[in-house]
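Read left to right, the sequence shown gives residues 1 to 313 (our numbering).
Be a bit skeptical, because a hint or two may be false.
Stated by the list, open to error - Per label pair, the in silico range of CB-to-CB distance:
id: 1; residue 1: 199; residue 2: 121; range: 20 to 30 Å
id: 2; residue 1: 151; residue 2: 56; range: 33 to 43 Å
id: 3; residue 1: 277; residue 2: 23; range: 34 to 44 Å
Since the hints were made in silico from the structure, they are not lab data.
Only a predicted model underlies this, so the values are computations on that prediction, with no experimental measurement involved.
Backbone N, C-alpha and C define an ideal beta-carbon position, used for all residues, glycine too.
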Amino acid sequence: MRFLPAVLLAACAGNGANQDLENAAFFGNTIRLALAEGDFDRAVEDSRRGLERFPDSSVILAWNALVAQMQWQESRALALLRKLREGDDYAGIEYAELQGRIGDLLFRTGSYSDSIPFLNAAGDGPQAARRSALVELARELPYERLQPGRLVAELPLLEGSLPTLLCSVADRQRPFVLDTGASMTALTRSLATELGVAPVVEAGTAVDGTGRELPVALGVLHALSLGTVRLDSQPVLVVDDSALSLKDPFGGPMQAPKAVVGLDVLARFRVTFDPTRQSVLFELSRGLDEPRAVGCVQFDGRCLVPVRVEGRR
């Protein structure tokens, strides 16, 4: 598994200008090595120690922001990137790209209006089309994401090989597959048209879980609800109908879903599958029951579950 942003690799080298810089670079390198080895607990601890010793180091701030995002602590990651932006050294990150990353996090945390100037300042680059589309969506969305009106909802699972439930869009119900491998809630273009997704803005390409590069658009799905939990206006990914095609266990075609609920929605809730009742319970997140919980890691739009192999995590 590779957790190695190139700009941070370069920043960890240090230039020997002074001892503090070299020591901060050393901490940055230990964090990098821990992530490269898949030892996330050590990366978290080294990040914490590095920030205690070098709270103003651009390298340490950048690595801590990455680790915070991986821990689903996006508000903390945002604060760290803002602090990084206040200095005159951005750990090898171009200033425009740093602005874009702040804009991405503001949008992801539901501060839609506040994200616009940062996304606009990101300039050209591989993320330009996506960020431009986010700006168009932010202008359509509320100033800030609305909080769900109800705290708990239980929805029955539909029969089938995929975890599927009926979601409401205004006065219509459609099946959505729960997909922890999807970074964003997604609809096929045909369903997006049927449900009145607007605006729909082309956003370049994205790579799916199988490594395929696909043309994508971004849009706003209005009046979305999970049972009694109202999400109202929800940013969604819009893809060609063939993009959500799946294979059955024997390699043959499986009935393709037309919509998936991704991590952008699931991460806002504590989600419990009840196999006895054949249902899914959505509750507002209350943190983890630490002794019995396994903390997942967020990276590259995916939810990664730690495992132990021969005693090694």
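A quick look at each hint next to the structure:
1. 199 with 121: 20 to 30 Å: 22 Å, holds
2. 151 with 56: 33 to 43 Å: Once the Cβ atoms are compared, 40 Å apart, the range 33 to 43 Å for residue 56 and residue 151 holds.
3. 277 with 23: 34 to 44 Å: 55 Å, violated
Hint 3 alone, counting from the list given before, is not met by this structure.
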